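Colleague: Sequence:
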Amino acid sequence: MGAFYTGCRVENHVDRSKSTRLSKLLVDTGSEYTWIPASRLESIGVKREKKDVRFIMANGEVVTRSIGFAVLRVGSHFTIDEVVFAEPGDLLLLGARTLEGLNLMVDSARKKLVAAGPLPAACTRAGRLCRRLIDFV
1 MGAFYTGCRV
11 ENHVDRSKST
21 RLSKLLVDTG
31 SEYTWIPASR
41 LESIGVKREK
51 KDVRFIMANG
61 EVVTRSIGFA
71 VLRVGSHFTI
81 DEVVFAEPGD
91 LLLLGARTLE
101 GLNLMVDSAR
111 KKLVAAGPLP
121 AACTRAGRLC
131 RRLIDFV
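Note that the working numbering numbers the sequence shown so that position 102 is 102, with each residue one more than the last.
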């Protein structure tokens, strides 16, 4: 696939006027979480909500980090997500959960993020396909 980077604005989810801009996050669909420098999250008042969460790194090393909540913006797309308080030496990543929340997907040929299209919706019992699914179950 080849690696590529994107910029991202990170906002405090309680006070959106507090934000920081990151110009270079590695787009990593292999990582569930988005990793943002702890110092940047602290500078905009993002709180550590979950502490001592264990992660296994690509090299097999197990590390503990904190997680908080933030609004993430890439272009005109935005979502709220859990973010990891990255320490010096950690890779800064835009992870799969954030990409899903942004409704963006990777265009590996062009090395960019593109709109993923319409979101799947739950069906109602009135829908023809849903009736068949309900009858099947």
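Hints are supplied without guarantee of correctness; some may be wrong.
Pairs of lysine-lysine, DSSO-like flavour, derived with a Cα cap of 27 Å [what the hints assert, rightly or not]:
1. Lys50 with Lys18
2. Lys50 with Lys24
3. Lys24 with Lys111
4. Lys24 with Lys47
5. Lys18 with Lys47
6. Lys24 with Lys51
7. Lys24 with Lys112
8. Lys18 with Lys51
Here are the in silico distance ranges between beta carbons for each label pair [claimed, not checked]:
9. Asp52 with Gly117: 11 to 21 Å
10. Pro88 with Lys18: 20 to 30 Å
11. Ala121 with Leu91: 11 to 21 Å
No wet-lab data here; the hints were simulated from the structure. Quick caveat: nothing in here was measured; it's all calculated off a predicted structure. Glycine included, each C-beta is placed from N, C-alpha and C at the ideal position.
Colleague: Against which earlier hints does the structure fall short, listed by number upward?
Modeller: Hint check: 9 and 11 fail, others pass.
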